[in-house]
Every structure is written in structure tokens, then in C-alpha cells.
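S.K.: Chains as they are written, first to last, in this note's numbering: chain E, 1 to 957; chain R, 958 to 1136.
These are calculated hints, taken from the structure and not from any lab test.
It is possible that part of the hints are untrue.
Derived pair list, reagent style DSS-like, types lysine-lysine, alpha-carbon separation capped at 30 Å [what the hints assert, rightly or not]:
# : chain 1 : residue 1 : chain 2 : residue 2
1 : R       : K991      : E       : K16
2 : R       : K991      : E       : K19
3 : E       : K8        : R       : K973
4 : E       : K723      : E       : K740
5 : R       : K1134     : E       : K10
Chain R is faced by these chain E residues, among others (derived, beta-carbon under 10 Å) [said to hold, decoys possible]:
# : residue
6 : E22
7 : I24
8 : L25
A partial selection of chain E residues facing chain R, derived with a Cβ cut-off under 8 Å [as the list claims (entries may be wrong)]:
#  : residue
9  : R9
10 : A17
11 : R311
Backbone N, C-alpha and C define an ideal beta-carbon position, used for all residues, glycine too.
This is what each chain is made of:
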Amino acid sequence: MEVIEQLKRKVERERKARKQAERILEEKALELYKTNLQLKALNERLEKKVTERTKELEQSEARYRQLVETAHDIIFKSNFEGYFTYANPIAEEKLGYSTEEIVGQHFSKLVHENHVEKVKGFYENIIRSQVERSYFEFPVRNKSGEVLWVGQNVQLIFENDQVIGFTGVVRDITRQKKAEQELLSAKLRLTHLIANLQSGVLMQDAHKEIIVANQTFCKMFQIPLQPEELVGSNCIESAESVKDLFTDPECFTSDISRLLREKKLILGDELVMKDGRILERDFIPIVTDDEYIGYLWQYRDVTENRKAHERIKKSEEKYRGIIENMELGLLEVDRDGKITRAFDRFCEMLGYAPQELKGKEAISTFVPAKYHNVLKKQTEDRKLGKANVYEVELLKKSGEAIWVMLSGAPIFDEQGKITGSIGIHYNITRQKKLQQALRVAKQKAEEAQAAEKDFLAKMSHEIRTPLNAVVGMVHLLYETPLNPEQTEYVDILKSASKLLQGLINDILDISKINAGHIEVQKHEFNLLELIHSIGKIFEIKLDNCPVSFGVTIDPNITKNVIGDDLLLNQILVNLLSNALKFTEQGNVTLDVKLLEKNGDTLLIQFTISDTGIGIPEEKLEDIFKNFKQVDREVQRKFGGTGLGLAIVKQLVELQNGNVSVSSRLGKGSTFKVILPYSETNHPASNGYKIQSVDSPELLHNYTILVAEDNPMNRKYVGRLLEKWGVQHEFAINGKIAIDKIEKKKYDLVLMDVQMPELDGITATKVIREKKYDMPILALTASALSEQVHEALTIGMSDYLPKPFAPEQLKNILHKHLLSTTQNPASIHEESLQFQFHEMLDQAHLDAIYEGDMEYALEMFELFFKVILPDFEQLQELVKLRSKEEFRRMVHKLKPSFSMIGLTELTHDMSTMEELASAKKSRQVLEEKLHQIQTKLNEYLPIIKNELQRLKNNPIIE
Amino acid sequence: MKGLIFTEFIDMIEEKYGLEMADYLINTSELPSKGAYTAVGTYNHHELFQLVGHLSEKIKIPPHEIFREFGKYLFFVLAKSYQDFLDNVESAFDFLSAFEIYIHVEVQKLYPDAELPHLHTSWEDENTLILIYHSERKLADFAYGLIESCLEYYQENAEVRMERLSDDNSKVKFIIKKS
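Excised from the complex, chain R in its bound form (with noise of 0.2 Å):
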């Protein structure tokens, strides 16, 4: 797993409840790299669900939750980064349709070695988009997130609704309706 996701997730738990939990999370979980996150480092994805795990138990707030607060805000670090990816596309809707073919096609360039979920997205009229997410990783509530984070930023009038299509979130369903 691409070391951004742990450098912001560690600059999220630092901003939202302070050095002090981040520094408490890291020494609680059994980290291999010590918690040292670079942005162009690769690290187990693993340390990501033991961080998530033990802030879960201190702040009583269920993982899944946290994963989906977690995708919300790295959207916007994310659009911040690559804002030219998202001014080439009109809408939220656009931007999902092309995510595999565009996005995760750059993506794998940059990095030959990054493990991406699967995306397929279709139609299921003109007002709903269904996104099928299939991952191994199970980040299911993550990309809820970012779906949510998505609609906000190109301000869609739009809801979002994921169904489970397996038992262990590894494949969902995500229902993105205009409204």
C-alpha cells in the first residue's frame, strides 16, 4: 500500500485528535516500519488496519466508519494534488465512469508495483450509476468515502447507497442516484 495513504492517515488522527493519539496508536500497533511513513514508500496494508483497529477501541467509533471518515478526507488532500485529474472532467458521474479506464491506467504507470481495486461502473438508467467495487484489500468503506467526498466536490445533487455482494466487504455495490 502506497505510503501516502499512511502519511495523510497520520496527518488526519494528528489534526483531528492530536499528536498524542497518533503517537499512541503507533507504539500500540506491531508496525514493521515503526510507524516512519514517507510518501513514496510501500508499506503492508496490514499496519492501515491495526492503526484503524486501535483507534476504533480508543475512540469507540466502529472501523468501518473510520475508513469511510478516513476516504472523505483524502479526497480533497488527493483533488489538492491532482486537481488538473479532476478540471478535465465535468461531473462526479463522469469522473466514476472513466476511474478504472483513467485514473488506475495512470496510476499503474507511475507505480508498476500498486495493488488497485477493481471499478466497473454501468448505468442502470439515466439517473444511476451502479459502481461495483472488488477488492482483496476490503476497503470497501473507503472508497465510500471518496464516492461521498466525489459528489461534494463537484457538488452533485446526488445520493450514494452500498449493498454488500459478499459477506467479508470484499465486492459491494455502490447505488449513485441523482436526485
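With the rest of the complex left out, here is chain E (with noise of 0.2 Å):
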């Protein structure tokens, strides 16, 4: 029974299930129905959306497509492998290839070579993330080769979820990407400009917030950070942090507070540390367009620059100690020159107490007028920072006024600014006294100098005039008939009134020497023809005695030397004079030798030997001593002044020579004196100038004109020359000589130094003036006298000391009237002459070469050589437009025809410069230059023998 009911139970619960999933099907089925319904709408819907869409798709494509064809970056896209499938015009613009160019083309060929594995393996790495949109750099480049710098959107393209291809935008970065490498760069420098700093420097912006601080700077405030920690922290913060550090904290921090409330420049705040350092703070606002765009803080250690300015000071104060125990009076003034400190021994130089000083105007208070424009000069140099030392009057307090020097220099504090000068004081009243006392010494001296000059040239001419009359006189008694007694009168007058004459002239060189009246003249002069005209003078000297002289020259001396002629002259004829005078037999000989050769400067020694009676070795220290002779014996038996060594000595050093004696007694002695000259180029002739007078009879037709005011003087001349049948007249002073030159011809023309009215200097002016050139031969009382070199300057011939001996009168006639004439003695050295071609302009050729053919030889070869092919180039440069190279060869070229005796030619290529510089038309220029050509070829044979006659010529070799 109760089964029935389990079953029953189980039916109805079955009956139940059963209807209840019928249920459940029926719903599932009407929904079913329903979702059917709904798609089958949708379906058509969707086709009609699908029409609609792909309608709009087509308009937006062509829409995009337009934008991507006008758009300004390049836009492409390519397929997976990377060809390019599609490129914009604006790809042509930007890349230089045409569109048809890229398209098919891969993208490697276009990306920079460095950058192509960077850029595939960008591909890759979006393929393989899936990254649809990415972006990236690179360059590429154009079609002529430039780089550019590109930025690139790119977008995958999928089908079936893989990546068929690309699309890119591609925008042209080029000028960004400079823009930001010039950026960084900038940055990178001011990075490091401000790291390397010295200055511990801290910027900060608007909002107080660090944006760049130096290890400097946190090395300075001991922050232990690097300087990019700093950065974004608040600079007030950091301000508090390192207060502590400074003498006074809350000053530090609320400085900064108001530094930056007032935003105003301030440099040079100087900031005390407990530590002891000193901190120099610029605080700089950065304004830009008006607005503060941060603050920069800069920060020196200066502690070594105070204390070393401490030092400084008070080394400064010591010093000014010291120096106001060295009797100098310090006073120092501000920029006014107002006393801001009188220091006590300035004060006591014045006799004013310090307080009586300091405030007051230095200039007005103690400074004479006459003294104020060259203080206030000074004042002005101060404050330029230039110091002085200078002499000025000072007044005292008493009114007295004392000299003082005065060394001035500015005074800079400690930023270096001129607040002021010092002025140190000496007093130098006494040194001034005494200089003023020197002064007039010093006058007084030159005066009685020149006097004493004065009184030695006019004793020499009163002195030797009368002697010279006596002499002259003593000659002409000879001449007289004279019986055996009278004859031995005249010869001991002759040989007193020489002796009278070798003191006096040795008295009159040794005051001069000694009076410093004699000086060195150098100039060019022919050393073997003087040494040749003494041997000639010592050679008439020795006739009929038993001693022999004799010359000896090195012949290494080939050149004229430039020394002085009249002291080499003087020197060796007192020596010679000596030898002679101690000689009785046996020889004298004077050996003239180059002794060294050094670039110009030649050392020749001339060696003056005898065989007399010797020098005892005492004695020899002596001899060149003032007034010393041997002995007395050698005195009484010899004479002389004892002075003749001496000159000679004083001579030799004047010239920067020496000369030393070997003697022994007995057997002779030796002189040698070594003189420095310098050599010229130019060959001395060998020649004896001087000829032998055997001959007076040569002279017979010669008119000389002797001017001379001393009558003794004129007869004893005229008496000679008389005698020697030479026609003369006479003139007593300068003017009356011109007067006759003017009216009569003569061949030469003796002419005394000192006259009245017109003396014998000025008179030659005047004469060569006019233009006459007959010899004319200065008679002067010294040949040591000035009066000599200026004789010779002036234009006279040649000189004749007086007083002179016949022969010396004869031979210098004969050197000057002979040797210009056609003299038979001469025609020899005449004939050697070259005498150039008439059709040459032979007087400028004689004047230019002055006989020296090698010379002219060597200047017609270049002629030939040089100048010919430079004329030969004036055709090609006539041709130019700028005439300045033609003109330029022309003046090179004038001087040289004048050379070869062509000086017509070098007028006419003078002319063709001014029509060159005058820019004359080519036509002009080529018409003178053929015209020249002509000429020029008209000479050349005559020019081309002369260069042949000068190769041959004997006198070149």
C-alpha cells in the first residue's frame, strides 16, 4: 500500500516535472520564434547599412585621399616586405624623388646608411608587439645626397590579424632637430661653464625653487649633496639650513628675503662666516620681457683677497714708519686734495703742527702760486692712477721757502678706486743750493775753456808767423853770396830757428792735446800714398848722410782706409824725426803690416826701427812721460822739448791705438804703433803721387796766386818762386784774391787760413761758389789744426803747414799743377785710362766709374744679361689693359741706359713713364716705345764693342 502511494507520489512529481519542462520548451520556442523575428529584421537592416556605409566609406576615402595628397608631411604606405606601394606629392617635394621613383622602392634606400639596421629593427619590433600606432625618429636622405631629419607616425596595416603593410605620416623634423641639438649643446656648455666655476653660483626660479647650484656652491656652504639633489628643493629652505654657517644667521636669511622682495642687482655683499671665510654674494634677477623669471646667486671666497689686503696695509704702515724715519716728510690728500693725514715729519719740514694741516686745501696752504699748475697736472695724473716725481718750492709757516722733491702716487682702497694720493717729501734745499753753485761753476769753467782755445789758436798763428818769416829768411840768406863766416852765422841760425820751431810746435800740440782740442776725424784716405809722400819727405831729409831709410808695405793693404790721415801723419814724423835725430849711421826703416782682418775693421802695425844710440832698459817706462829725455846728457847733446814721445803716446790712444818701444842700449831702438782702420772698397792706387822735383824748370808756365797777408811770408814765397821762374801775384787778404780770380786765370792759388777782412776759408767758399776749380792750397800754422779738415771741407785742394822748408813748397806745386796737365810724367797713367766710345755720353761714364772698369765691365755684361730681356718684355705689357706693370718695368729699367753711357735713352724712357702714369692710350705708349726701340737698336753694336774693349782691357785683371 504504501508503495502505491511512493509510486503514486513519484507519478504525480513526474506529471509535475514533465509539464513544467514542457513549459520551459514552449518558452524557449516562442523565444526562439521571437530572436528569429528580430534577426531576420536586423539582417535587412544591416544590408541597407551596409549600402549606406559603403557609400560613405567611397565619399570619406576620397575625402582622406585628397587630404593625404595635399597634406604637407610625406604620407606612404608600404607593404610588409617594406617596398613602398603608395607616396604623396609632397614626397617628390621633400625627398626630390618623384612619386614613381619611390613607389616599388624599399625603404632602406631612403634611410640614412647609419641609421638603417636602427630603423629595421624598429619594424620588427612593432610587428612583433602588435603596436599599432608607434612613432620615431631618423634621418634620411634626399635625392641630391642632404640629410634630413624625419619624424614618423606609423600604423600597421592587418588582414585576418596579420600585419599586411604599413601606413606612415613622415614629417619633416630637420629644423626641430637642429634646433635642439644647438639646444642641448648650449646646454651642455653652460652646464659646464657653470660646474667649473669658481663662484659657488645657485639659480633659482620664480618660485623659489633651485634650479641650477655648482659643486662650488655646495662645497662652499658644506651641503652634503651633489648639485642636481639641490635642484627643486626651496631656496629659503636651504637658506635656513646653512644659516648657522654666518656670524650673524637671521641676518643671512632675512637679507635673502629682502633681496628678493626688492628683486633689485647687488654685488658684492659681503657676508662673514664663523668659520672666518668672507663670502663676496651678487645677487642677479633674470628679467625677460618684463618679468623676473628667476634669480641667480653668486658666491666668491674672498677670505685669501682680505687677508691678504690686511697684510697689505698694515706692511703699508710699516713702510710708511720707515719712511718717516728716512727725513721724508708723507702726505696724503683726498680725491680734492684736501690733507687727510699729515704725517709728523712733513710737518715739521713746514714747521705746522699735524692738526693745523689735516682738512685743509694742500695747494693753497702751503704751495707758492707760481708752483700751482703743476700741482694741479699732478692732481689730474693722480686720478688717472699715474705716479711722478717731481722738484718744487714749498712755503713754510715762516714764509720761508725750501725746495723739495716730491715723489706722488695715487691711493686705491680695496676695490682698487682712487680715493686719493701720497705725496713723499725730500727735502733737497741744500742740493739745490749747491747745484746753482756748480752751475755757475760750470759756466765760468767753459767760459775760461774757450778762452784758453782762442788764446792757443791765435798764439800758434802769432807765434809761428815770425818764426816762419825767420825761417824763410834764414833760407834766402843761402841764397845770398856769403863769405865762410856768414855762412856759419846763418847755419847756426838755421838750425836754432828749427829747434825753436819743434818747441813750439811740440808746446802748442801737447796744450792742445792736454785742452782735449784735438779731435779724431775719420775719413776715407789713401793709406800708401801717405805713407810713400813721408818715406818721399825722409828720403830728401837723409840725402848726403850716412844713414839709409827705407819703406817697406804689406801688400795685403790694397784698399783706401777711413781713420785720420793728419794724426797718422803727425805721429810717424816725430817718430821718424826721433830716429833720425838719434841715429848717426847705420839705417831707419818704417815697415807698415796688416795685422788682423776682422770683417771691415783692419789693426795695422807700423814699426819705426833704428840704429841709434838706444834707450837704457830704466828709462824706457819713461820716454813717453811729458817732458822726459833720457838724461840731461841726452839733452844737452840732442835738445828738444822731451814732449815729442809723449804726443805721440796721446795721439795713438786718442784713436784708440798703442804703441809700445823696445830698445837696447846702443844698438837701436824699435816703435811700434798698431792703429785700427776701417777698409772701404775702394783700391788705393800704388802710385808715387808725389814727383821727384828735379825739375823745377816744368813749372815755368803756370801763374799761381799767392794770397798771404804777412809780408815776411809773401817775400819769402815770392823769392821761391821767382827762383823756380813760376809767374805769381799776390793778394793781401781774401776779398782782393776773389777780385782777381775773377779778372785773370790762374793755375792754382796759395791761399793763407787767417787774413784780415776776408780770410782764406770764406774767400774759397766764395771762389768754388763761382765755380772755379783751379787747386787752391790752405797755408796753415798746424797740422793739427781744425782748421785744416775744415780747409778740406770746404773745397780747398789740399794744405802746406807753415812753416815749410822750398822743397815742401815745390813738391806739393808739382803734385797739383803736373799731375792734371799733359805733363810728360803723366801721359803713362793717362794713357792707361779707358777712354769710352764718343757716340757714349763719356763725361757721365768717367764720373760714374772714376777709372774703375771692372766695375764698368760688370755693369755692361748685366746689360746685356739682365736689362735687354726686360726691355724685350715692355711689347707684351704695352698689350695690357692696366698700364701699371708696364709703367713699373719702365722705371725699373730708366737708370740702367745711363749706365752704358746711353743717357739719352733713359731721358726718353722717362718720358714713356709719365705718358704710362698719365694713362696715355696704348697707341701712344707703343709709338715712344718703338721709337725707343730704334735708338736703342742704332747703339747696340757700339755697346756690344765696348763690352768687347773692356773684357780686353789690360787694367782689368
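Combine the two chains into a complex, taking the hints into account.
M.R.: Shown next as C-alpha cells:
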């Protein structure tokens, strides 16, 4: 029964469940039906939508296409392998490739070669990670190879979830890149600069946030951070954290706040730190467009500077103290000249108390009015920072003036600004007085010296003139018939007067030397000729003596030398006279030797040897001293003043030379003189210009004018000339001499230097100015006189020292008269002279070559080698547009023609140069050139012939 | 809870304990459905817990063992109905590994209102599969039985051990080790 109930219940449950299931299924079916309907409707709508959307898409694609085509950026499409399938027209503009050239191209062909791998990697990466959109930058090359930087937006193109290609928008970012790089490098530079600054630098923005700081800053403030770590923190907080480093921490922070509030540029604030350091701070607001964008703080550690300043200040005080103790008065004034400090010594110097001077204006207080301008100028100098030393008078309080030497210098403060000046005063009143006295004394001495000189000059003339007459008359006496007794008297008279003559010459010479009146007059002279003429004189003197005389000259002396020939003459004459005096038999020799040659400088040794009595060894030292002779016996026996050798020594030393002696008693003496000379390039002719005077009759045909004021001398000279058959006339002063010369032709003039009315020097000048060129011989008192030099300089031909012997006059007349005429004696020399062709400018050639035919040959050769080829160039140069080159060449060649005697062509060339300078036409210049060329062609055979003759000339060897 | 669970549970009771027991359990439990279950319907899972609870009292077997037993039973019922799903897979391990992403996905398609447990599998080593069961239904023992039958179905030589990860059985870990 129970089972039946259970089954019934089960069936009931089953029935309910079935109903339930059926209901559910019914609902589901209905739902399915509805869904089906909806699907159908949806499907219809979808179809419509697809049509619409397709249309929309087409429109939008057209729109996009237009957009793409006209975009400013390159837009491209490429397939998966990286070959371009599309590029818009802008690509052509940017890259230079046409779109046709780009399509089909692989992207790597455009990418800069160094970046291809990177770009490939990029594409691989976005494909791998399926990054739909991405951006990257890289450089490309355009068709002409230029590099452009581009930024590229790439989008992947998918098909069925597979990447099949890319589209990209490429923008030219070359300019941005460049700017970025520049910015970066500027930033780097600045960062580097700031980091390496010796100053601590901190920069903050307007919000008090730190932007930049450097290592020095952190170190200065003992901040245990790297400068980068400070960036971003608040500067006020940072200030708070370091304020305890300062002696006044609150002041430090409040200062910073105040500066930031006021926003004003403040430089050089000084901050003292507890550890003794001193910092200098600059606060620099940074303004752009009237807006404060930040502030720069710069700190410098100036501790060492300050310490140094302190030390300097202390040491300054120390030195001031020292100076004060050195009798130097110190005074400090401000920029306006007001006294800021008067040191004790200065006050004492002027008799003021320090408080009396402080605050007063220095100039008005104790500077005399006449120095006000000097002082004002000094004040100006001080302001410019100049220091000076000068002398000035100052007034003491008592009114008494003192001289001071004042050393003034500007005073600088610690910042280097001039705050005033300091003067160091040294009382030089005594020195000034002494100086004054010295000046007076010097003036007196100079006057006295001038008087002495004048006296000597006068004495020289006054003594010699009558003496000359005496000597002259003695010579004339010999010409008169004399009995033996008279002859003996005249002999004595002759030797006595000669002795007197020598004595006077020596005394006058030595006094001149001692008075410093002798000056070395250097000029070119022929040493060989001088030696020969001296030799000749002594040969004549030694005629009929048992003493032989010889001269030897070093053959290496070949050129003229520069030096004082008059002094040399005097030295050699003195030494030779001396040698002759002490030599009774045997020989006297003069040897001239080139000792040393160093560049242009020659050392020449003159050796005078004799076989005379010699000098005892113990006396050798003394013989060059004034008035010293070997002994009394010698003096008695040989006479003389004992001045000869002293004069020699002084004259030698005056010319930086050296004289020495060696001697053996009874055997003879040797004097050696070594003198320096400069060598010239002019060969010294070796010929004897002085002819042996055996034929006075040669002088018969000449007329001589003798200008001499002294009647006795006139008589002496007149008598001699008469004896030699020379026609002569007299003039008693320079003026008459000139008159006479103007009226009549004279072959030679003997001119006394000192004459009344018009002296010989002035007269000669006038004569030379009037272009008279006859020889004028000076008759002078002494060979040492400055007059000789003057005479030769102004145009006199030679000189004859008074008194003179007849032979001397005869020689000099021969020398000047016979050498210039067709005298048989000179024909030989004449014939050796080269005679240029008469078609050439002989006078000019003679003048320039002066017989130096080697020189002439050189010039003629040069003409053919260099000048002619250059001249031919003119034919080309004249064709050039610019005439400057042509003109320059003409100018260069112009003088060469006169060097070969074609003076006329030189003038023609000058004319042509002027034409070229005036920019005359080519035609004009060519015409002139042609004319010159024609003339030159005519001359060329002659010039060639002359060149051959010069080469064959025997003189040139 | 899908009606299939209930119909199969009642079938199992009738089969193992007779119609009387099934009738008894339905009458004793307060079931809103009055025990009229159809496989295509959906019922509150508390009904299953009541039925199991009363069965446990009656036959003196703890409910978890009943759930495990039911799991074992149900697997073979399902295996018959859904043979294709099982034949596509070669081993129990593959089947269990793919369960969440394979079976559950398909179930969800058919029954959008089905509330399914979360299963997470991972290999501890090459022989040990870890399966984490997580469900508010707290039917871990039911799952235990299903796994055991699965291993049996594929004739796997493997052991399965259950570790509780929460007190209420909402989260447990099954360690399935090949032996």
C-alpha cells in the first residue's frame, strides 16, 4: 500500500516535472521564434546599412585621399616587406624623388645609411609586439644626398589579424632637430661652465625653487649633496639650513628674503662666516620681457684676498713708518686735494702742527702761486692712476721757501678705486743751492776753456808767422853771396830757428791735446800714398847722410781706409824725426803691416826701427811721459823738449791705438804703433803721386796767386817762385784774391787761412761757389789745427803747414800742377785710362766709374744679361689693359741706360713713364716704345763693341 | 543549479536505496519545487543540500562522502551523454587542465544563467597537476568524486588528494599525482 502511495507521488512528481519541462520548452521555442524574427529584421537593416556605409566610405576615402595628397607631411604606404606602394606628392617635394620613383622602392634606400639597421629593428619590434600606432625619428637622404631628419607616425595595416603593411605620416623635423641639438649643446656648455666656475652659483626660479647649483656652491656651504640633488628644493629652506655657518644667521636669511622682495641687482655684498671665511655675494635678478623668471646667486670666497689686503695694509703702515724715519715727509690728500693725514716729519719740514694741516687744501696752504699749475696737473695725473717724481718749492709756515723732491702716487682702496694720493717729500734745498753754485762754476769753467782755446789758436798763429819769416829768410840768405864766417852764422841761425820751431810746435800740440782740442776726424784716405809721401820727405832729408832709410809696405793693404790721416802723419813724422835724431849711422826703417783683419776693421802696425843710441832699460817706462828725456846729457847733446813721444802716445791713444817701444842701449830702438782703421771698397792706387822735384823748369808756364797777409811770408814765397821761374801775383786778403781770380785765370792759389778782411776759408767758399776749380792750397799754422779739416771740407785741395821748407812747397806745386796737365810725367798713367766710345756720354761714364773699369764691365755685362730681356717684355706689357705693370717696368729699367752711356735713352724712358702714369692710350705708348727701340738698335753694335773692349782691357785683371 | 543534477541525484537514490528512500527524502525536505525536477529546469542548490542532509541522517554516512559518491556517479552519467567531449581528449590530465577554458565555456554558451565554480590548474612538476577549486556552492567533495571518476574513465594510474584552503570548503586544492 505504502509502495503504491510512493509510486503515485512519484508519478505525480514526474507529471509536474514534465509539465514544467514542457512549459520551459514552450517558452524557449517562443523566445527562439521571436529571436528569429528579430534576426531577420536586423539582417535587412544590416544590408541597407552596408550599402549606406559603403557609400559613406567611398566619400570618406575620397576625402582622405585629397587630404593625403595635399598634406604637408609625407604620407606613404608600404607592404610587409618594406617596399613602398604609395607616396603622396609632398614626398617628391621633400625628398626630390618622384612618387613613381618611390613606389616600388625599399624604405632602406631612403634611410640614412647609419640608421638603416635601427629603423629595421624598429619595424621588427612593432610587428612583433603588434603596436598599432608608433612614432620614431631618424635621418633620411634626399635625392641630392642631403640629410633630413624626419619624425614618422606608423600604423600597422592588418588583414585577417596579420600585419600586411604599414602606413606612415612623415614630417620633416630637420629644423627642430637642429634647434634641439643646438639647445642641447648650449645647455651642455652652460652646465659645464657653471659646474666649473670658481664661484658658488645657485639659480632659482620665480617660485624660489632651485634650478641649478654647482659643486663649488655645495662645498662653500658644506652641503653634503650633489648639486643635482639640490635642484627642486626651496631656496629659502636651503638658506635656513645653512644660516648657522654665518656669524649673523638671522641677518643672512632676512637679507635673502629682502633681496628677493626688492628684486634689485646687488653686487659684492660681504658675508662673514663663523669659521672666518669671507664670502662676497652677487644677487642678479633675471628678467625676460619685464618678467622676473629667476634669480642668480653667486658667492665668491674672498677670504684670501681680504687677508692679503690686511697684510698689505699692515705692511704699508710699516713702510710709512720707515719712510718717516728716513727724513721723508709723508702727506696724504683726498681726491680734492684736501689733507687727510699729515705725518710728523712733513709737519716738521714745514713748521706746522699736524692738526693745523688736516682738512686744509694742500695747494692753497703751502704751495707758492707759481707752482699751482704744476700741482694741479699732478692732481689730474693721480686721478688717472699715474705716479710721478718732480721738484717743487714749498712755503714753510714762517714764509721761508724750501725745495722738495716730491714723489706722488695715487692711493687705491680695496676695490681698486683711487681715493686720493700720497706724497713723499724730501728736502733738497741744500742740493738745490749746491746745484746753483755748480752751474755758475761750470759756466765760468767753460768760458775759461773757450778763452784758452782762442788764446791757443791766436798764439799758434802769432808765434809761427814771425818764426816762419825767420826760417824763410834764413833760406833766402843762403841764396845770397856769403863769406865763410857769414855761412857759419847762417847755419847756426838755421838750426836754432829749426829748434825753436820744433819746440813751439810741440808745446802748442801738447797743450791742445791736454785741453782736449784734438778730435779724431775720420774720413777715407789712401794709406799707401801717405806712407810714400812721408818716405819721400825723409829720403830727401837724409840725402847726404850716412844713414840709409827704407820703407816696406804689406802688399795686403790694397784699399783706401777710413781714419784720421793727419794724426797718423804727425805720429809717423814725430817717430821718424826722433829716430833720425838719435841715429848717426846705420839705418832707419818704416815697416807697415796688416796685423789683423776682422770684417771691415783693420789693425795696422807701423814699426819704426833705428840703429841709434838706444834707450837704457830703466828709462823705457818714462820716455812717453811729458818733458821726460833719457837724461840731461841726451838733452844737452840732442836738444828738444822731450814732448815728442808724449804727443805720439796721446795721439795714438786718442785713436784707440797702442804704442810700445823696445830698445837695446847702443844698438837701436824699435817703436811699434798699432792703429785700427775701417777698410773701404775703393782700391788704393799704389803710385807715387809726388814726383821727384828735379825739374822745377816744368813749372815755368804756370801762374800762381799767393794770398798772404804777412809781408815777410809774401817775400819768402815770392822769392822761391821767382827762383823757380813761376809767374805769380799777390793778394793781401781774401777779398782781393777773389777780385783777382775773377779778372784773370790762375793755375793755382796759395791761400793763407788766417787773413784780415776776409779769411782764406771764406774766400775759398766764395771761389768754389763761383765755380772756379783751380787747386787752392791752404797755408796753415799747424797740421793739427781743426782749420785743416775745415779747409779740406769746404773745397781746398791740399794744405801746407807753416813754416815750410822750399822743397815742401816745390813738391806740393808739382803734385797739383803737373798731375792734371799733359805733362810727360803723367802721360803713361793717362794712357792706361779707358776711353769710352765718343757716341756714348763719356763725361757721365767717367764720373760714375771713376776709372773702375771692373765695375764698368760688370754693368755692361748686366745690361745684356738682364736689362735687354726685361726691355723686350715691354712689348707684351704695353698690350695689357692696366698700364701699371708697364709703367713699373719702365721705371725699373730707366736708369740702366745711362749706366752704359745712353743718357739720352734714359730721358726717353722717363718721358714714356710719364705717359704711362698719365694713362695715355696704348697707341701713344707703343709709338714711344718703338721710337726708343729704334734708337737702341742703332746703339747696340757700339755697346757690344765696348763690352768686348772692356773685357780685353789690361787694367782689369 | 541545473535540473540535471537533481534528476540524476534522485535517480541515484532510487537506484541505490530504492524508491522509498527517494520518496522519504523529498517528503522530509522542505522543497519549493516539491521534488518535481526536470533536467531542463533550474533549482535552488539548497534543495540538494537538504536532500543530502536528510540522506546522511538516514543512512549514517557523512554528507561529504555522499557528495563524493554522487560526483563519482554523475561523471559516468555525463560521460555517456557527452561522449564527444571526452573522446577529443587523450588523458584525464589534459581533460582537467582544459576544463575551465573548454567545458565551462561551452556550458556557459548553452546556459547563460549557469553558476559555475572556478577551476584553476597548474603543473607542480611533470607528474603533479594542481587543481584549485573555488565556489560559493562549497561542493568540493562533489568535485572530488568527479575527478576520481575522470581518472578512472581514462584509466589513469594516478592518485588524488584534497587539501582544504578554507574552513568552509569554498576553496580547496586537489593534488593529482601520476604514480
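S.K.: If a hint holds in the structure, say so; if it doesn't, say that too.
M.R.: Structure-based check of all given hints:
1. Simply put, K991(R) and K16(E) have alpha-carbon atoms about 9 Å apart, close enough for the 30 Å limit, and the pair holds.
2. For the hint pairing K991(R) with K19(E), the CA-to-CA distance comes to about 14 Å; that is within 30 Å, so the pair holds.
3. Between K8(E) and K973(R) the CA atoms are separated by roughly 20 Å; this keeps the pair inside 30 Å, and the hint holds.
4. Of the pairs offered as hints, the one joining K723(E) and K740(E) holds, with about 23 Å between alpha carbons and a cut-off of 30 Å not exceeded.
5. In summary, the hint linking K1134(R) to K10(E) is not supported, as the alpha carbons are separated by about 43 Å, beyond the 30 Å threshold.
6. A distance limit of 10 Å between C-beta atoms decides the matter here; for E22(E) the minimum to chain R is near 9 Å, and the interface restraint holds.
7. A cut of 10 Å between beta carbons decides the hint on I24(E): the least distance to chain R is about 5 Å, and the hint holds.
8. Checking L25(E) against chain R by beta carbon gives a least distance of about 7 Å; that is within 10 Å, so the hint holds.
9. Taken as an interface hint, R9(E) checks out: its beta carbon lies about 6 Å from the nearest beta carbon of chain R, inside 8 Å.
10. Interface restraint check: A17(E) against chain R, minimum CB-CB distance 4 Å, threshold 8 Å, status holds.
11. Proximity of R311(E) to chain R is violated relative to the hint, the smallest CB-CB distance being about 84 Å (cut-off 8 Å).
The structure does not agree with the numbered hints 5 and 11 stated previously, though it agrees with the rest.
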